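**Q** One letter stands for each residue in the lines below.
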Amino acid sequence: MGIGLSFFNLSGNKLGADEGAAQASRPVPAIDAAQPAKFETATFALG
Amino acid sequence: MGDHTESLQIDFDPAQLSLAKIMELYFANRSSCRAAYSRQYMSAIFVHDDAQKNAALDAKKVIESRGTKVHASILPAAQFYLAEDYHQKYMLRNDAPLMRDFKAMYPNDSDFVNSTAAARVNGLLGAGRRASSDVELKSFNLSAETHAYLRTRVKISESTSNP
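First to last, the protein sequences are chains A and B. Every letter in the first sequence is one number past the one before it in our numbering, and letter 43, counting from 1, is 43. Every letter in the second sequence is one number past the one before it in our numbering, and letter 119, counting from 1, is 119.
Please keep in mind that the hints were generated in silico from the structure rather than gathered at the bench. As the structure is a computational prediction, the values presented were derived from the model and not from experiment. There's no promise every hint is true.
[Claimed, not checked] Just the calculated beta-carbon pair ranges, DEER-fashion: (1) A:33 to B:65: 41 to 47 Å; (2) A:30 to B:64: 38 to 44 Å; (3) A:30 to B:66: 37 to 43 Å; (4) A:22 to B:157: 23 to 29 Å; (5) A:24 to B:3: 34 to 40 Å; (6) B:41 to A:34: 32 to 38 Å; (7) A:33 to B:35: 39 to 45 Å; (8) A:34 to B:80: 22 to 28 Å; (9) B:152 to A:34: 24 to 30 Å; (10) A:24 to B:148: 18 to 24 Å; (11) A:33 to B:157: 21 to 27 Å; (12) B:148 to A:30: 19 to 25 Å; (13) B:20 to A:23: 40 to 46 Å; (14) A:24 to B:94: 19 to 25 Å.
Glycine residues also receive a C-beta, built at the ideal position from the N, C-alpha and C atoms.
So here's chain B without its partners, still in its complex pose (with noise of 0.2 Å):
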């Protein structure tokens, strides 16, 4: 891996999801509160302006001041590659019912990748997510048959979540 650094690359509008939000979520995070064995997995925030860097070293300051010890590193940031495809929507990529609709919408690789529905489905199946609603999973606009898969794998925040 040399001098890489596994990254999320996260596009946002701000007027829907502020900067702040997103630095919270991040130091929410523990793993930035553990020292960096390696570049590939460190902790990091690149920021892509002053702005940036200000909300950063912001957000470390309120971590760090409840006592806890923040080694993420705030670094500039220079050339974003994209990982090798099998990286791309781990979890999602390795469900095959779910990737037969996926494929049949998004044909092309990178159009799966760029895909918000895919990351969204990616985030339901990996991380824990519930889906606010049954709404949002049928937004995917899977078939029926997918859909009442998908129902299975996830969990439904909403109390009136029937099918």
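Next up, chain A with everything else stripped away, as it sits in the complex (with noise of 0.2 Å):
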């Protein structure tokens, strides 16, 4: 389950963009490395 801000545009413009390519030197939390079989998704702007 992951919530984050974000944008959400009726008609279109990217507004950014992250990747990259490292290591990580910790592991990751069980939460983080368990794969979700199915979510569904909602979204909501709280104003």
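Once you've looked at the hints, go ahead and assemble the two chains, each given alone in its own frame, into the complex.
**A** Below, the structure is given as structure tokens:
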């Protein structure tokens, strides 16, 4: 389950992206290592 | 910002958390009961299907039946874009001691943004939510030093929460 601030665009301009490649020097938490089978998605703007 | 609206996209397991409960939490936020002053900061529910639309309408009716006008718009979901990095996990990103560990776990920022652990720690720092227990804090896999630091930054609900 992930929650992050994002922008919802009703017509469509890309606002940002990030990528890279590096090695982790610390193991990730189990909650992130476990991949969920299938999630549903809901989107909200709190105003 | 043009026609963008700042929003949260939530991926959830309906076996663990129902859409109705998410709607209840959403409408418990008083901001949805204020009129929007801009598209960027409007209250809205972007529905992905008819089931979500009906759940949103039902939840809105419940609130309005109590005499509270709801200003949240219910709109069809369109394209969703991630905001710039500095918006993501904002409270956590600005906490240097915690970020040392998270950077070690997630050297790639996209992995950090997608991390549930990062989202939860960010919520603990920013939303005033209490951790359910020290076990929850330990589940973030932080170093002993950083875990001890996190204990000073958040409150824990359980009464027997000694480290």
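**Q** Hint by hint, which ones does the structure fall short of?
**A** 4
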